[in-house]
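K.L.:
Quick one: dock chain against chain with the hints and give me the complex.
For the record, the sequence lines run as chains A and B.
Numbering that gives the first Met the number 0 applies: residue 0 is where the first sequence begins, and numbers increase by one.
Numbering that gives the first Met the number 0 applies: residue 0 is where the second sequence begins, and numbers increase by one.
Quick caveat, the hints were computed from the structure, so don't treat them as lab data.
Take these hints with a grain of salt, some might be off.
[As the list claims (entries may be wrong)] Calculated lysine to aspartate or glutamate pairs in the EDC-like style (CA-CA distance at most 20 Å, straight line):
no. : chain 1 : residue 1 : chain 2 : residue 2
1   : A       : Lys98     : A       : Glu83
2   : B       : Lys312    : B       : Asp299
3   : B       : Lys449    : A       : Asp22
4   : B       : Lys312    : B       : Asp2
5   : B       : Lys449    : A       : Asp53
6   : B       : Lys449    : A       : Asp82
7   : B       : Lys449    : A       : Glu122
8   : A       : Lys98     : A       : Asp82
9   : A       : Lys98     : A       : Asp126
10  : A       : Lys98     : A       : Glu69
11  : A       : Lys98     : A       : Asp35
12  : B       : Lys449    : A       : Glu10
13  : B       : Lys449    : A       : Glu33
14  : A       : Lys98     : A       : Asp138
15  : B       : Lys449    : A       : Glu69
16  : B       : Lys449    : A       : Asp37
17  : A       : Lys98     : A       : Asp53
[Unchecked claim] The following label-pair restraints were derived from C-beta to C-beta distances:
no. : chain 1 : residue 1 : chain 2 : residue 2 : range
18  : A       : Arg120    : B       : Gly128    : 27 to 33 Å
19  : B       : Arg23     : A       : Asp82     : 56 to 62 Å
20  : B       : Pro272    : A       : Thr29     : 51 to 57 Å
Only a predicted model underlies this, so the values are computations on that prediction, with no experimental measurement involved.
We put the beta carbon where it would ideally sit given N, CA and C, even for glycine.
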Amino acid sequence: MRLLWRGRPYELRLAGHRLTVVDPGGAARTVEIEYDGDVIRTHDGSVRFRAVRDRGGVWVWLPGRIEYLEYAKSESVALSGRDEIRSPMTGRVVALAVKSGDVVQAGQVLAVVAAMKMEFRIEAPHDGTVQQVRCREGDLVELGHVMVELR
Amino acid sequence: MVDFRSVLIANRGEVAVRVARTLREMGLRSVGVFTPPDRRAVHLDSCDDTVEIDSYLNSASILAAARRTSTQAIHPGWGFLSQSPEFAESCGQMVFVGPTPASMRLMGNKDESRRAAERAGVPVVPGTGAMDRPEEIVAAVRHLGFPVMLKAVAGGGGKGMRRVEGPDGLDGAIESARREAESSFGDGRLLVERALSPVRHVEIQVIADVHGGVYALGERECSLQRRFQKIVEEAPSPAVSPEIRAQLQEAACRLARASGYTNAGTVEFLLRPDGSFCFLEMNTRLQVEHPVTECVTGVDLVRLQIEVAQGRKLSLPELPPRGHAIEARLYAENPEAGFLPTSGRVLALEWPTGVRIDHALRPGADITPDFDPMLGKIIAWAPDREQARRRLAQALRETVFLGVRTNLTWLAGLLETPEFVRGEFVTDRLPEVPAEEPTMFVWAAATAAKSASRGRTGAWDSLGRWRVGE
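Same shape as in the complex, but just chain B (with noise of 0.2 Å):
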């Protein structure tokens, strides 16, 4: 058993949030980290003690900081270090919440976690191995036949991915996923994988001690996508029968085993509509998407992951799905404007009540480009599928958010669409979401705002108590 008594979170926004609500509801004293920009952000609020680093991603500021505040372990949260071997073999004599840096390294390679998976008897997509020259990459390209998906060896997160459906955009494909993969990763070199299609991406969540304990609490349905940036998820997948379900987690579970792996993973499986499925990657931390999760098996993951640290044998009954949960991503995008990211200052923010909302923003907040476009997201939880998909619809219709173009309105359509009140979607295909022309209603509250005097409402100002002609 290894005890300890304090957690230095190496993370900012809502994962730092996350992660410190279970640690308060342990008894575990939360250490948080900002850089000098984040100095007032919501995060610290969450955190017992918070202490300054250079950046997210300097694990010697970090690791200083844990030691000047005589921390024990450290939790990565997601993103940032989180899936960095050499930040895990940097912690020492401090606990790192999550996988071993070798499982790290082995499933952060695409290349090393296909050969993994085979090994442990789980398919693969069709494809290849790791590659560095382009003409070598083409000639691959022409073995497997269009369409493709390129990958960065050391990628994810979708960077330095691209799909390419003929020989037209092959070579731009390759040379800006490079560039993306080079960028991102240090690390330029790709892989080829025919993309299948029609598909399903299906998640299963896995959980293993150091005991030899390895449980899957089913999965994760994360087919919406835009640019391999995950949109909807839910629990369980529409498309995913007990039977189904029982041979995923069992594949989950063969792969984490047979390879060592101990702490929270995720392994992406494609389905296909026969119900066959192919391995595509492990990620080896917590997921953005965890919280469906959470609704229907009860369990709180970050708990786990600090039990499983904590060097304690875990013991889960089986957990079937209860009820439905589904998850929609709020991001900073304008969806009238090919959902590029926006940038600005938050006018005016109210949540929504009857749903978890993990998030770590407030009024007046600056939306940088710096980092990730994700705001938060809106968790709703209902017995069944199509009562969570009204409670999330409801809540997200509910939700004011002014300031920064976001997919809020979108997101509210995405659920309306007959695809989706279905659950008959796949990953290549988003279900389209009709425009409506502004009311009389859209046109009498922008007359409220703008002929306000300045005086009266300055930018800041809700107009909310203000009659006109008063």
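One chain only, chain A, in its complex shape (with noise of 0.2 Å):
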């Protein structure tokens, strides 16, 4: 199976008791493991663990650790897709700077989410041509909502 660790896949596979994990860059490792309880064991010693999956991926704990590790096929829903802007995280459109046809340059303001108050500017990573505006000023955005589409 393949999950996502910050936006890079990586593969997983577990046969009997043997864990092998192939990096993004190709490189595998494998390692023996068992589990007790709440406990994983392997050559290496043995850690406490918690896990817990909800519809995009895994949590997972271990001392000192948190991660989200996601399912791959999230990969297509990735926060910033090459042309279309994607809403950051859940909030407000306080304001939106661009119309359908404007021509923007990279790093320009292309509209501004509110969320807790606190306001972040949604700017366009590359040149080019607002192809379509899916939001409007006062909307409710959700994380990943594609608010411009570029071209």
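P.N.:
Quick look at the structure:
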């Protein structure tokens, strides 16, 4: 199976007690693992853990470590696609600076989203033309909502 | 003496839990309030009675709730209406646990509070008065010289506040600060101060009774901030010697006395490396980070607030800091994505032991973008700073919080940076916290969750008791 760590794909294979992990660079590591209640044992030692799934991935806690490993299929809804400018968080659109057909430069502010009363600027990742604007001022947008399409 | 037996807590979450704890200890009846979405909120479990209101910002609704429950006093906590002089005024016959409306008006206005400090002989940061027109603000900035701080005159909590490094970002910063100030406070006026650097943010806790008694309870070091939100606070400050402490306390008490201040308040200062300092602002309420002061002085600040509101004369001995306390604020935010706020459902939650934890969370709770992103805070006390640092870092590492991204592991990493270990940090630069690749243990844990069949472990179950291959 494939899990993403910070957007980078890792391939995991479990055969009996042998877990093999292939990192994005293609390097493989294999380790013998054993689960005993809330403890994982390997030849390197044992560690307590918690793990919970949700719809998008797996949450893992180990002492001093919390990770969210997304299922690979969510790769297609990465935060900022090449031409789809997505909201980086759930919040309200407090300003919309562009309209369809506008020519924008890299770094230009397209919109401003506010959450918890803090404002965040959504900037153009590259030069281009606004293809479509898919939100209005005052809208509540979800994390990952496509706000502007650029070409 | 004003006798009251019951207190309505006009707040929610960890604030309400904190205030209710002291009320119970004092044998006073606590009345909690909730809005419809908060009907089953954790803070209601701490209160003797609970009553529904329309909004935590609707004073009429809160006052009606107080009358319905025959409450004689109102504690506003912090946030929401805690700094609203109109709310304090509208309490009428009921006792508002806090300073007078006049004090709140004076200190709530950054322009007037600067003047009050100057009148009391407390140095202020070089800056201007309130301004409304962008052209006027631009001219004032040119005169002061970059870098500058733009501040909403009516502001607080970092809202409507922008640091501007040079002319390029100025127009945009003025525009967005004005918009944020207008939407948060209904007043878009700004003032400009020179951005001092390097400085530390050090604040003095004061408490004053209605008989002229003004007491300082030492300082809190709050230099570690992002977007003007505090992240880690400690008492005492590693940068404050007994001599500087005496000067800071003296300045804070002078300002409180000169302005006829009563109840709890915090005077914030910027401290330069040479030990000189400037007044920043005074917060007319209990603060989020009050626990570190409680840890090193042994006082209960909510209790003192209640006693002052009852008209009692305080009699506090000199309380030099005993040991060291450090607090870490847990935020719903993603350190890997620019610390943007996060939301979602808490799927697993286990707290550490041996530390103070102020929170109002439970597994299954939804973290929404409607309220402050702060989830709670963990406070460690020990006989010295290094032990407190280690104790807090250990507690952060032991905290299980799954389902919503938080800054937990980032905080643990922050406490291990050389800057934090040495206690050498300033307000405008956070130490770099390195990120690490997942270990094989991480992948093994993920595998355990992923390979469990849906029927046996839904999204709600922790996999603690489950074995691969069974």
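K.L.:
Next, verify each hint and record whether it holds.
P.N.:
Do the hints match the structure? See the list:
Among the hinted pairs, Lys98 (chain A) with Glu83 (chain A) is consistent with the structure: their alpha-carbon atoms are about 15 Å apart, no more than 20 Å. Restraint check for Lys312 (chain B) and Asp299 (chain B): satisfied, since their Cα atoms lie roughly 16 Å apart, inside the 20 Å limit. Proposed proximity of Lys449 (chain B) and Asp22 (chain A) is supported: the alpha carbons are some 18 Å apart, at most 20 Å. The straight-line distance between the Cα atoms of Lys312 (chain B) and Asp2 (chain B) is roughly 14 Å, inside the 20 Å bound, and the hint therefore holds.
With a C-alpha separation of about 10 Å, the suggested pairing of Lys449 (chain B) with Asp53 (chain A) holds against the 20 Å cut-off. Between Lys449 (chain B) and Asp82 (chain A), the direct Cα distance comes to roughly 32 Å. Violation of the 20 Å bound is thereby established for this hinted pair. At most 20 Å may separate the alpha-carbon atoms for a hinted pair to count; Lys449 (chain B) and Glu122 (chain A) exceed this at roughly 36 Å. The straight-line distance between the Cα atoms of Lys98 (chain A) and Asp82 (chain A) is roughly 15 Å, inside the 20 Å bound, and the hint therefore holds.
Taking the CA atoms of Lys98 (chain A) and Asp126 (chain A), the gap is near 15 Å; set against the 20 Å cutoff, the hint holds. Between Lys98 (chain A) and Glu69 (chain A) the alpha-carbon distance is near 33 Å, which puts this suggested pair outside the 20 Å criterion. Taken as a hint, the Lys98 (chain A) and Asp35 (chain A) pair is broken in the structure, with Cα atoms around 58 Å apart against an allowance of 20 Å. Pair hint Lys449 (chain B) plus Glu10 (chain A) holds up; C-alpha atoms about 13 Å apart against a cutoff of 20 Å.
Using a Cα cut-off of 20 Å, the hinted pair Lys449 (chain B) and Glu33 (chain A) holds, with the two alpha carbons roughly 15 Å apart. Of the supplied pair hints, the one linking Lys98 (chain A) and Asp138 (chain A) holds, its CA atoms being roughly 15 Å apart against a limit of 20 Å. The suggested pairing of Lys449 (chain B) with Glu69 (chain A) holds, with an alpha-carbon distance near 11 Å, which does not exceed 20 Å. Distance restraint check for Lys449 (chain B) and Asp37 (chain A): the Cα-Cα separation of roughly 15 Å lies within the 20 Å cut-off, and the hinted pair is therefore satisfied.
Under the criterion of a C-alpha separation no larger than 20 Å, the hint pairing Lys98 (chain A) with Asp53 (chain A) is inconsistent with the structure, at around 37 Å. Our hint of 27 to 33 Å for Arg120 (chain A) and Gly128 (chain B) holds, since their Cβ atoms are close to 29 Å apart. Checked against the hint of 56 to 62 Å, the pair Arg23 (chain B) and Asp82 (chain A) passes, with Cβ atoms roughly 58 Å apart. Take Pro272 (chain B) and Thr29 (chain A): their Cβ atoms lie about 53 Å apart, and the range 51 to 57 Å holds.
Consistency note: the structure conflicts with the earlier hints numbered 6, 7, 10, 11, 17.
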